[in-house]
Amino acid sequence: MADYLPHTDEEVRDMLDFLGLDSLEHLFAHIPAAVRLSGGLDIEPGLSEPDVAAIFAGYGEANAARTNAMTCFAGAGAYDHEVPAVVKALGSRSEFVTAYTPYQPEVAQGVLQAIFEYQTLISRLSGLPIANASLYDGATALVEALNMAGGATTRSRMYVSSGVHPHWRAVARTFAAGTGHEIIEVPLVDGLTQWASVDTSDAAAIVVAYPNYLGVLEDLSDARALAGAASGLFIVAGDPVAAGVLKSAGDWGADVFIGEGQPFGTALAFGGPYLGLFACTMDQVRRLPGRIVGETLDSNGRRSFVTTLRAREQDIRREKATSNVCTNQTLMAVTAAIQLGWLGTSGLRDVATRCAEGAHYLFDAVTAVEGVEAVSSQAFLREFALRLPRRASDVIADMAASGILAGVAASALAPAGDPSLEGIENVLLVAVTEKRTRVELDAYAELLRKAVA
Amino acid sequence: MADYLPHTDEEVRDMLDFLGLDSLEHLFAHIPAAVRLSGGLDIEPGLSEPDVAAIFAGYGEANAARTNAMTCFAGAGAYDHEVPAVVKALGSRSEFVTAYTPYQPEVAQGVLQAIFEYQTLISRLSGLPIANASLYDGATALVEALNMAGGATTRSRMYVSSGVHPHWRAVARTFAAGTGHEIIEVPLVDGLTQWASVDTSDAAAIVVAYPNYLGVLEDLSDARALAGAASGLFIVAGDPVAAGVLKSAGDWGADVFIGEGQPFGTALAFGGPYLGLFACTMDQVRRLPGRIVGETLDSNGRRSFVTTLRAREQDIRREKATSNVCTNQTLMAVTAAIQLGWLGTSGLRDVATRCAEGAHYLFDAVTAVEGVEAVSSQAFLREFALRLPRRASDVIADMAASGILAGVAASALAPAGDPSLEGIENVLLVAVTEKRTRVELDAYAELLRKAVA
Amino acid sequence: MAITGLPGGRAASVPLMGHETEPTMFELSVVGRSAAQLRTTGVPTRPLADMVGAAHVKREPVALADLSERDLVGHFTRLSHRQFSVDLGAYPLGSCTMKYNPKFCDAVAADPALNGVHPGAPSTLTQGWLELLVDLEEKLCAITGMAAATLQPAAGAAGELTGLLLMRAYHASRGEDRRRVIIPDSAHGTNPASVTLGGYEVTTVPSNERGLVDLEALRGALGPDVAGIMLTNPNTVGLFEEEITEIATAVHDAGGLLYYDGANLNAIVGVVRPGDMGFDIVHMNLHKTFATPHGGGGPGAGPVAVSVRLADFLPGPKATRLSDGTYDWVAPAKSIGRVHGWHGNAMVLARALAYIDVHGGDGLTRVAQHAVLNANWLRRRLADTLPAAYDRPCMHEAVLSATALKAATGVRGLDVAKALLDEGFHSPTVYFPLIVDEALMFEPTETESPQTLEALAQAVERIVARADTEADELHHAPHHTPVSRVDEARAARHLIATEDAATR
Amino acid sequence: MAITGLPGGRAASVPLMGHETEPTMFELSVVGRSAAQLRTTGVPTRPLADMVGAAHVKREPVALADLSERDLVGHFTRLSHRQFSVDLGAYPLGSCTMKYNPKFCDAVAADPALNGVHPGAPSTLTQGWLELLVDLEEKLCAITGMAAATLQPAAGAAGELTGLLLMRAYHASRGEDRRRVIIPDSAHGTNPASVTLGGYEVTTVPSNERGLVDLEALRGALGPDVAGIMLTNPNTVGLFEEEITEIATAVHDAGGLLYYDGANLNAIVGVVRPGDMGFDIVHMNLHKTFATPHGGGGPGAGPVAVSVRLADFLPGPKATRLSDGTYDWVAPAKSIGRVHGWHGNAMVLARALAYIDVHGGDGLTRVAQHAVLNANWLRRRLADTLPAAYDRPCMHEAVLSATALKAATGVRGLDVAKALLDEGFHSPTVYFPLIVDEALMFEPTETESPQTLEALAQAVERIVARADTEADELHHAPHHTPVSRVDEARAARHLIATEDAATR
Ligand SMILES: Cc1ncc(COP(=O)(O)O)c(C=O)c1O
Ligand SMILES: Cc1ncc(COP(=O)(O)O)c(C=O)c1O
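Residue numbers (the numbering used here), protein chains in the order written: chain A, 1 to 453; chain B, 1001 to 1453; chain C, 2001 to 2504; chain D, 3001 to 3504.
Treat the hints as calculated values from the structure; they're not laboratory data.
Treat the hints with caution; some may be incorrect.
As the list claims (entries may be wrong) - Straight-line C-alpha distance at most 16 Å; calculated EDC-like pairs for lysine to aspartate or glutamate:
id, chain 1, residue 1, chain 2, residue 2
1, D, K3058, B, D1251
2, B, K1320, D, E3027
3, A, K450, A, D350
4, A, K320, C, E2201
5, C, K2406, C, D2500
In isolation and in its complexed conformation, chain A is listed as follows (with noise of 0.2 Å):
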């Protein structure tokens, strides 16, 4: 059995003499009988680590789908994006890994001013003045943004794009039951938000995705007139990577930007731990949920960083916090700053670039396949959605048989269905990331045209 306990038996004796007890169980002697658990754990002997090993090894074979074994064509917000050798050897430093929120900052400099260059990118990015040190993820970030709309305007209908992710929407469902908010979802047409379709003059939000879950970039210079007209904040859910080319967050006007910051240096690891982006206008900075870190001077004068602004958090604040967060996603934002560190200005420009070269290349090939049309007509990045003449888990399972993970399957993300989206057992959203080759390309559209025919 695995001992991680330092003590030895003599050790432990001594310990117990020192507090006049007899034995271990004797520490618990104050705890009720009845409520003791006699017996022990209904859970099995430790093993050792290499025993284990064998254990996780068998769970990994069972995984058909893992990326070392099929190529990835999967996205829908969570990108197979080359992460390098570097930025992994650099994110798992122990002491990244191993620490835990700063509460000492003279000993915590290199959390604290790595969290302080995350900020910084993710501000330039997002257009936006201020960005908090991370949330647990794009879902959860759109819940904390819609209830700091909530705060800001004490009303609480939002207005959300069917173009947010499906998962996403249903994470801000959930949650507001508790907050009280009225979640309405503005249905999309031909990709596009049909904004006219309601009245939003109450709107404590308005939320557009940018791209959208379809792959879809709308101009969203109407959302952003609705929200300024209903005095409500104006959310962008963005693609993080996409804004490193595209017009950001800031430049469509937005009040929040929200995203997923998985594809800066974080594995796809079946879905998580994975990064929520947070970004906003100096308006709302008393309102932002989570951590945030500031510059500021030791006794000797020297320049350090500090969690700062703390009076919003609910360690100090308790039930009037503005958010319940406590433990976040520091790993991944050091990871993420780490991952645009070793990208740079062009790096990031040419993994977007690249990844809607690539995107592009395959759907033009695969829309001239006989029986595959495209969702929307509309411009897309490095993502797009397509209508097959068979459901999309088949032909997803067609082509996992040789080694291509297509896609994912619009109606797995949504099991309830899109009132969006007609047909959408049928529908099949594929990305192209910077790794994807031209052989590869051509390979699925050739799998393709075999799964449809």
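Following the hints, complete the assembly by docking chains B, C and D with the ligands onto the known chain A.
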């Protein structure tokens, strides 16, 4: 193309300007044109890291014998021991990996102290009072030991048991061409060195392996006595894992202990980098090859570590140095210290004992197979030699097809044959580590039965 | 010669060599550098505007930080040397369970067969992951004494809110509209914050002089509008709520549910199960009890386990073992919906399962025993130096108080905490729980040795001994760290949260 | 209460928190602890003496260090914080080429499909490795302009000795008994040491006032008993031997061979090839030019490439591509035999090949260009502060001299080197090459930026400026490091090379 050079084009121009040069080529203007390379190297242009990773994945896949695809019973000086994640994590810390020889002790206490600890561990395992900071591998450690014996005795005849690994003997012969040493190989019978077959009275060194390469444990008393009689050095080439439970070189009266330290945390690694162990009596300390770390004080009286007895070394003593070694295997020595720290007294004992238990279990099972017999009737610890009714290399090939690497063919170690080992083509060396399960051992016996049927 | 910008290869900020500040990555940036290397794909290039339309293209590219790989490595390696961590030394930060996290669990999570799996791949192609999640859920239920669990919540606070929404859904399903949730005054800040986000009002009940819930006050606070109570047991002052059965009965009798804040599970794992104490909903902080590393602030994972009557409400879809032995995603019948964008912090979950498997049932019990042993030993060892807030056996953490020290010398708990840094220890948690004056909350965890505890005690003794004569020096501690005491007030007054807000 | 031993969780030796000494692992040891976890095998246990016979069993078990995993991690993580490295900052250690080593190459070498391969497995089962070795050999030959190579030598010095044995075998095959090998007085210490081990006598030729081999003196030293000459070009004072063609002709005319010490290949890779200069034997330090990390002192790899006439003598067996496209081990016809227990430092070889592949031919040329650019820039930049030993363009390293400084102020080169540590830079190589008085040998390498070089120059300027008034402080530098100047003489006088020799 990969680019690890920081300079922007503009910076290069500025720097050249500062030097009054027009181009980078001008930096080399003083080199005679006749020897300068025109047209560049005949090597393809650089590729990106992921491109090269794909090439290397190809190399890897072509290694059928990799331990993650085949169960390893090969030994012969390189063993498939457990290297836990914690040892890998600590041993790969970049401070240890990307430093060089601790020339500035004030900023190198990390490596220096780790080596000091390593020296202590090797000293204790060898039963000898001093160890150096590492040599290249076991084979070259043998050469250094012979050189020490030559220096200590000013004699040149080295009596080497044929139980010493054939590769080590080959290496000793190679270097003897330079030193003028005469290597006299003393034959084995039933796995035991026939010291009586030679006159060792003029010996500079008596060298014996413990256990020897057939796995056999010899009683070393006679060899020790002969060395004493000749006033030569008694050199024991020992298995450091065995040293956890068996008599140490010092217990047997050795003047010098050498060994291959790979079993202490270093991967099989296709043979390198490994770790040459070297320990000796205090009499020989001024002849000790390579670096030694010693304890001292800093100017404030704090305990510190520093490389010491430097006057032995090539950079100071030049042609009179005891050895030419400069770069050694420090990282493996640090790793060995970590691995031994992980094992502790009881862990090393458990590893050695489990190896022995597995080896004896397998020995009993395979020697019961019709046509298979033990090469030696003597005691062994974790490795033994079998005489098969077929060529060992053919049996290895057959069993490999079922996922077992059956061992090392003796003839592969000594392609020109080994006078000490008749019928070498049919001899198979089999090693069992603590990782091998009973299921694997049973499978081995069953496959061998089929292979020789 | 125009060499501008700061050097990326100078190590004056590494405490090994000096105590200068480390430039930011933006200060180290030189336009035109980049470390990025992208795969050769052979895909034809195409102008961006042709692909997306000019209206979407950013006019000016965002300037990030442009670094060589060497400077990137130098910068972040240096930053790492400016950061304390469990791997460097003891981190007795109360309520945070900063135990040693086995490297083995990280290695498990680094396997591309697990972390290279897309979360949107169909269940048929991710059977290994689904099995892993089901196995973990079963083990967490065995540990908590519960019937079913969701693995989606990404941290403890997310688990709390999920639990409150479950409470809400449960009451709603019975046609009841309950508005209040009771929490003790010692509760962690996430509890009241979660209550508010769950749409409830907080009713605070006071602790009694023994540091426990005042049962009478609790009874008084109960009523038909009470949805439930949130407790952590041991509570945040490190004491076991001995009247837990009475509390449970009272709350259940009033129609309320009991929520267990599992942040303190390390004290009781394998010894007492929340379910056996009468709790209906339990969240666990896997990053505490189950040793998944804290990552400088996260990630964590906060699974929520519930009793049978709440199982149908759990978030979904959930990984489920089907009768044919295969696995699929299944939504509980009355699921409150998703609480995470995908399936939760999967790699954290995998680490926790590896930790559970290595320990086994027996090992987990020993974890709690040794954690409690260490805390009690330290409490007793320091009894004459810094007395415990409550003079009785504690569980896995010891809440001491510097009230007397402050009165006698002016040296505050914060000063003691900062001076400990100079002694080679991370500080304990200070000024939490709020109900204890000058609180210093030590949680040594089970992975620290008696020798380390003794050294920690001696360090505290040394500091306290200095308080009489060296109060001023202690007010300014720490003195050996790369930066000295940091001006927190200035940071808030004059907010600089990005490089661009700085006036450099 | 008997808590003995030192605390494994105290971090007072981490420069982040303090400057105490770190206990040794033996001081942290407590009998009875162990971190080891071995696989469950199901193999029946058996008493050791039954298996090996009582005569072989050790009476008293060797005491190693008994640590918990937590204390093991704490100890070695703390030690790592007491260690400078390239990843922390510039390391301009002349002759050592401490460039930034790409993490990518380490990742390649971590692949179990390469590093999990037993070296004794038959070639049929290790085709990937053999192909890799053949590919590397071909590329190293292309880089050096040679015909064939051995990859066995484990470091530069091993390569030297291998080269000398090749020289010996070559002459012997021609029935010639030559006894002397010429080396310049500036040569690295491994050269003369290797010459002795190769069974030759050293004849030293002086350098001329330009820092180059004195051609006339060389001609004078040549004779029929000369086996060859060992040169490094650029030589150890960082200068290119411009008369290399004349040297080669003279040596060849005398029947000798030219050996190239490739430790300085970084200066000329892709610019000049040793083969084109007339060398017959070349060793390469892969851990220098090809950026395999130095590991705190090793491992390295020192392949030796030779011209056609020496190819048959190379060590073997060698990985060889057969006519059918498969690979096997083949011994060269007149092989001198093995020089390594297996096939050389294979994982170092793999890293070097990855480095070569990522750079390509074009990239390698730029490596040399930028290395030489940086060294010359630094030399010129410091011309008024610390003059170069030879006032002419250098190659990849600049040998400066503190002779004048010492004369004027008493501050020696060593003091400058130590003071640089306090400035956040590793010291240059001091007092090598021996022919330069008060030598400070800076090798910035190509991976440091101009900004770093400028900062390094400013640091040297600051130190030199302080020499007049603060000589004493400089004599005692460094002041910020975890230990101050270390007493080397004491260590040698009073040898304590193991814990057991210490009187603690
Ligand atoms: C008692 C208690 N409850 C809840 C939490 C919240 O957990 P998390 O930080 O994972 O959100 C914490 C975390 O510190 C805690 O200590
Ligand atoms: C010029 C020169 N030659 C030879 C060597 C020896 O190489 P190694 O240390 O790899 O044995 C060195 C190493 O420092 C060197 O600088």
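These are the hints, each one checked on the structure:
{"no.": "1", "hint": "K3058(D) with D1251(B)", "result": "holds, 8 Å"}
{"no.": "2", "hint": "K1320(B) with E3027(D)", "result": "violated, 38 Å"}
{"no.": "3", "hint": "K450(A) with D350(A)", "result": "violated, 32 Å"}
{"no.": "4", "hint": "K320(A) with E2201(C)", "result": "holds, 11 Å"}
{"no.": "5", "hint": "K2406(C) with D2500(C)", "result": "violated, 41 Å"}
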